[in-house]
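Novice: When we follow the working numbering, the leftmost residue of the sequence shown carries the number 887, and every step to the right adds one.
A couple of the hints might just be wrong.
Using 35 Å as the maximum straight-line C-alpha spacing, the simulated DSBU-like pairs for lysine-lysine come out as follows [said to hold, decoys possible]:
#1 Lys-1030 <-> Lys-977
#2 Lys-1066 <-> Lys-977
#3 Lys-977 <-> Lys-904
#4 Lys-1043 <-> Lys-1066
#5 Lys-977 <-> Lys-909
#6 Lys-1095 <-> Lys-1030
#7 Lys-1030 <-> Lys-1066
#8 Lys-904 <-> Lys-995
#9 Lys-935 <-> Lys-904
#10 Lys-1030 <-> Lys-909
#11 Lys-1043 <-> Lys-1095
#12 Lys-995 <-> Lys-1066
#13 Lys-1030 <-> Lys-1043
#14 Lys-995 <-> Lys-1095
#15 Lys-995 <-> Lys-977
#16 Lys-935 <-> Lys-1066
#17 Lys-935 <-> Lys-995
#18 Lys-1043 <-> Lys-995
#19 Lys-935 <-> Lys-909
#20 Lys-1095 <-> Lys-977
#21 Lys-995 <-> Lys-1030
Simulated from the structure, these hints should not be mistaken for lab results.
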Amino acid sequence: MNQTAAPSSRKATAKAPKAPSGKQRILDAAESLFARHGFPEVSAAEIAKQAGVAHGLLFHHFGSMDELYAEVSRTAAQSMDAAQLHAFRGKTARLQIASFLRAHMRAIKQREGDALFRSRSLNTSVSGTITQIWEASRQRAIDKLFEVLGIASPTEKMRVCLRAWIAFHDQLVAGWLTEKTLTQAEVLDWTLRQLDQLAQNILGADLDKAIPQERGR
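Please build the complete structure, drawing on both the sequences and the hints.
Specialist: Structure, rendered in structure tokens:
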């Protein structure tokens, strides 16, 4: 009597995606709430509720709201850096920097509540740590800007002036978000006009000169 042989191998059972840990759910919820509303407007209870965890678990993992905000800010700064630095594309410095500025404005718009809180905050218990996180991000952008401009050894004067230029842009962006009287195109145009003056009088750079291939990628 013949019997059909059973398959000797079994299909591998696909593993279900691993559910995020309670700590990660807290980070995700905090990121969403801080980005929309700004740090002072968000309570631990709101974060715990959105994360679906017990209120005490937030303090177990992070110790305080300040430490949680710092952790969220580090991750946000890293994500923003990646998006902005990848945006430097174009055949000239002007085109690359304009692309960077647009990416910066998109990133700020996505975190509008947090960006406005930081632009208005002068003295809070977390201002020192948060300032350091975002200042490091700003310095990475400045280094990339000098690379795109073809300035290998910028002077301290150049660094101070380029940092002031970025601060000018950030103030325009804050006005664009709050006053609603500035358009994105106006912010971009005025920022680039200021850069023209800076490039001519301080940096000695030609914004419209073609960038060598290795710097244009």
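Novice: Quick check: which numbered hints come out false for this structure?
Specialist: Per hint list: 3 and 5 violated.
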